[in-house]
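K.L.:
Taken in order, these protein sequences are the chains called W and S. For the first sequence, position 55 (counting from the first letter as 1) is numbered 55 according to our numbering, and the numbering increases by one without interruption. Every number in our numbering is 509 more than the matching position in the second sequence, counting from 1.
Mixed in with the good hints there might be a few duds.
From the structure, some residues in chain W lie toward chain S, with a derived Cβ separation under 10 Å [stated by the list, open to error]:
hint: 1; residue: Glu18
hint: 2; residue: Leu22
hint: 3; residue: Ile28
hint: 4; residue: Asp32
hint: 5; residue: Arg42
hint: 6; residue: Gly43
hint: 7; residue: Met44
hint: 8; residue: Ala51
hint: 9; residue: Thr229
hint: 10; residue: Glu233
hint: 11; residue: Ala234
hint: 12; residue: Arg237
hint: 13; residue: Asp239
hint: 14; residue: Thr241
hint: 15; residue: Arg254
hint: 16; residue: Tyr290
So these bits of chain S aren't anywhere near chain W, every CB distance computed over 12 Å [claimed, not checked]:
hint: 17; residue: Glu527
hint: 18; residue: Asp649
hint: 19; residue: Thr738
hint: 20; residue: Lys950
None of these hints come from the bench; they were simulated from the model. All residues carry an ideal CB built from backbone N, CA and C; glycine is no exception.
Protein chains: 2
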Amino acid sequence: MAVDDHGPYARLMGRSKEIFVLGSAISILQWDMETKMPPKGRGMRAEQLSALELLAHKKITDPEVARMLEACEGDIASFDAVQRRNVHLMRRSYDESVRLPDALVAETAKHQTICNGSWKRAKAAKDFGLFRDDLAKMIDLRMQAADILQEVKGTRTQYDALLDLFEPGMTSERIAEVFKGLRDGLIRLIDKVRSSGTEPDMSVLARRVPISAQRRISSEAMAFIGFDTTSPEAGGRLDETEHPFTTGSFDDVRITTHYYENRFFSSLFSVLHEGGHALYDQGIPREWMYQPVGTPCSYGVHESQSRFVENIVGRSPEFLSYALPRFRKISPNAFKGLKGKDIIAAVNAVVPSKVRIEADEVTYALHIIIRFEIERDIFAGKVTVDELPRLWDQKYSDYLGVKVEDDAEGVLQDTHWSGGSFGYFPSYALGNIYSGMFLEKMEDDVPEWRESVRKGDFSPVLRWLRANVHSKGDLYDPAELVKVVTGKEMDVAPFLGYLEGKMSRIYGF
Amino acid sequence: MAVDDHGPYARLMGRSKEIFVLGSAISILQWDMETKMPPKGRGMRAEQLSALELLAHKKITDPEVARMLEACEGDIASFDAVQRRNVHLMRRSYDESVRLPDALVAETAKHQTICNGSWKRAKAAKDFGLFRDDLAKMIDLRMQAADILQEVKGTRTQYDALLDLFEPGMTSERIAEVFKGLRDGLIRLIDKVRSSGTEPDMSVLARRVPISAQRRISSEAMAFIGFDTTSPEAGGRLDETEHPFTTGSFDDVRITTHYYENRFFSSLFSVLHEGGHALYDQGIPREWMYQPVGTPCSYGVHESQSRFVENIVGRSPEFLSYALPRFRKISPNAFKGLKGKDIIAAVNAVVPSKVRIEADEVTYALHIIIRFEIERDIFAGKVTVDELPRLWDQKYSDYLGVKVEDDAEGVLQDTHWSGGSFGYFPSYALGNIYSGMFLEKMEDDVPEWRESVRKGDFSPVLRWLRANVHSKGDLYDPAELVKVVTGKEMDVAPFLGYLEGKMSRIYGF
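Bound-form chain W, shown alone:
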């Protein structure tokens, strides 16, 4: 349809832009809170975030939006595919928001900041008790939202309604089913690893690399993948936080990492992981800027991009062989006498652990399955806040065979719940599954990619990701996107096959 500049579709896109701009301002304020804000500023920041969230909420729930939507929907046959998707996505946002009371939105936004503060204090003190009340209130606030969203979306459970916010179209039933196949496959793989008798020398990971050298390596890693933070036309930056994250869109995308002298690879893989997110955020088609379709597809697809860059490329023998001489040049002492083979084995070693963000590629999804089951039970009323620490520790013992010593390395390890992001965790494992499917397709399309990476050239991979994933923006729901890209339904086999291939070479089975 040729768009009338003052017609309902143009006005709807104008509204989309207003909401996008407010959202991008909120992102900067949140980034600042995590990276730069003086500690005392938290109270005022809560007020700012709450005010802007409320304003964005009012922009999408305005009755005028309903009228624009109805006018567009009445004429939908004359719209092209992108326009139809834009109308659909605005409708979804409107329906998700319009029934949520302003007071609930404002209170949730304000409580996120407060709750995040008490989570940080509780984690530092290793004491869930300091977080308990604020978490209970957060669960209550999200339950109120989930009750409403369940009705609006017609999902089977409240938790499904929350899941749908992160992974549209996904249900806890479907996730449970997929996760079952994933868990069985992973456990078989862990058994093979165990029985191989091979044990990589993990001490190479604890080699001390001076932080100044790690910073230089971060810069090289970002340059390798093409995330520009230094040129006069840079659209990105790197900062330091305890928990690495990515935020932003298009021309202003920011990643963070952390540096510990004796955990060099943790910072390297954080930079590659967050860099994978950042490339996606920067790779959305510019002609869709400010339109609903001009955003990433879902949290799971986002995670597939970060894992692709971190794990599939970053932990590949090819990348590590290319990178090691470069690391050695920057910090000769730290890497003296290290063999590529040993690094490859150590960074891919399968070692059940207590902390999700330190988990290896094989056991990682088990951490997610634990969180998925707990969240599902919280919102089904089957578990109370007070039971969480014990339930957490029990599942870690059952699924991963590890003993959690304190709340900081247990139930307090992740920030997500303090922000009310229930339903987010499954995206991480879905990201693994999608990344395996994308890899399978890329192997067909660009069989020479490993050879390119070995020579230090990431561009064929980035081109493939840009063409097949980034350029699609939010044109499809995730299951549909995966089908468009790969021609297949969601399937854990490619991811399991990829892991089996890599592990069999490392562990010799």
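Go by the hints and put chain S onto chain W.
P.N.:
The following block gives chain S in isolation, referenced to the frame of chain W:
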């Protein structure tokens, strides 16, 4: 009056809070733009700032505000002094804003970001031509606003209406009169300095101080004045920008400085200057938070606080005698063989210069007088944009006897016009005048302050500033505040007397 929680006064204060919170979010976005933002992010930042400025504008110009104001004004006799002032300040904001069209507000906000970008490029290229068109548009936008504000405020000229935004109650006639006395006094003083035959050795200012040492000295300087950036309860931070500035309020106040190896004192005095601003922002009574009265009085009074800390304390023989051994401890080589007497002479030396922010205390106001005259003539239609570079250079030759070599050190030196802040500059010289009056009073109240500073104790000075200036918030217009604090009308004599006293000791006249 006992305040009814749902009455018009309470609702008016609720609106004040909403506007304050939006303004504080805008400050963070502006700070980020100056300190952290990737260069490519400028376009999206312009959208964000424009959107938030427009939202704040709508909040204050809402017809509901007019109704609240009328209800309060109808009952004003029953209000206490603070409440009356709050109503008066909201009325002033409302009147200043309500007639400005939304489109003008949004366009000005967006153009600020664009114009700031072209100013930076023009300054880097030393080419006014690259800034000319955006500056012309900015003048046009501010002229449109000034036309409206002149009518609303009933000022004699458009420029007076702009001045009143920064220094309520001040007129260009009054400023011209005060500046005449100031200029005459300064020129007499410059003559005395010249005829003294004394010439401080300025080479001590160019001693190379490693930047790491300068950073440590900044930390000590902030600790000295009590600006906390390091504790777990810190409400401040320090960053680096070419042009130092301060932003924020209450619990989140941020200052910036710059470091050049061979300009150590420039960073020291920037930290003290911005630190003086920051102490004021943090010293507003907490019980007035979010109320109109819970803000600093005016730009001139703000500047009096920064100059008090930078010049009256920071350039005093007492502070420098205290600080020199500490500098020497941090960087023994840089300060080897330096005598306190020589530093005191050099940092107070009177040397007419081309760049305002490098000017000494005596010639500084002449830079301001030049800008005041040019701005007044721009808004009186007596000078065109194209004439600015030549007019600028001419006045610098006439008033300061210096020859400007290029636009970067001439008409492009300051950022203010790129942000549309016409009427701001006079505040700097008014700040000097106020600071002299405050000093005269503090000398009476706390005669031992110099002795305390010599011993490294700034607290008697801070206590006096807190009790006499900071704690008054925006309870009075600036001229009234000065009268309340000092018992006198605005007068240049104390400032000139203070300078004469210091210079006579240094130059021996």
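K.L.:
Next step is simple, just say for each hint if it's right about the structure.
P.N.:
Now for the hints, and whether the structure bears them out:
Here the hint on Glu18 (chain W) is kept, as its CB sits about 7 Å from the closest CB of chain S, short of 10 Å. With a cut of 10 Å, the hint placing Leu22 (chain W) at the interface with chain S holds, because the nearest CB-to-CB distance is about 6 Å. About 6 Å separates the beta-carbon of Ile28 (chain W) from the nearest beta-carbon of chain S, less than 10 Å, and the hint is met. At its closest, the beta carbon of Asp32 (chain W) sits 6 Å from a beta carbon of chain S; the interface hint therefore holds under the 10 Å criterion.
The beta carbon of Arg42 (chain W) comes within 8 Å of a beta carbon in chain S, closer than 10 Å, and the hint placing it at the interface holds. Because the closest C-beta pair between Gly43 (chain W) and chain S is about 6 Å apart, less than 10 Å, the hint holds. The beta carbon of Met44 (chain W) comes within 6 Å of a beta carbon in chain S, closer than 10 Å, and the hint placing it at the interface holds. Given hint, Ala51 (chain W) at the interface with chain S, holds; its Cβ is 5 Å from that chain's nearest Cβ, closer than 10 Å.
Because the beta carbon of Thr229 (chain W) sits about 7 Å from the nearest beta carbon in chain S, less than 10 Å, this interface hint is met. With its C-beta approaching chain S no nearer than about 6 Å, Glu233 (chain W) sits inside the 10 Å limit, and its interface hint holds. Interface restraint check for Ala234 (chain W): the shortest CB-CB distance to chain S comes to about 5 Å, inside 10 Å, so the restraint holds. About 5 Å separates the beta-carbon of Arg237 (chain W) from the nearest beta-carbon of chain S, less than 10 Å, and the hint is met.
The closest approach between the C-beta of Asp239 (chain W) and any C-beta of chain S is roughly 8 Å, which is under the 10 Å cut-off, so the hint is satisfied. The interface hint given for Thr241 (chain W) is violated, since its Cβ lies 14 Å from the closest Cβ of chain S, which is over the 10 Å cut-off. At a threshold of 10 Å, the smallest CB-CB gap from Arg254 (chain W) to chain S is about 8 Å, leaving the interface hint in force. Interface hint status for Tyr290 (chain W): upheld, as the beta-carbon distance to the closest one in chain S is roughly 8 Å, under 10 Å.
The claim that Glu527 (chain S) is not at the interface with chain W is violated, since a C-beta of that chain comes within 12 Å of its own (minimum 7 Å). Residue placement check: Asp649 (chain S) keeps its beta carbon more than 12 Å from all beta carbons of chain W (closest about 25 Å). Distance check on Thr738 (chain S): its Cβ comes as close as 7 Å (rounded) to a Cβ of chain W, failing to clear the 12 Å threshold; non-interface status is violated. The claim that Lys950 (chain S) lies off the interface holds: its Cβ sits roughly 31 Å from the closest Cβ of chain W, which is beyond the 12 Å cut-off.
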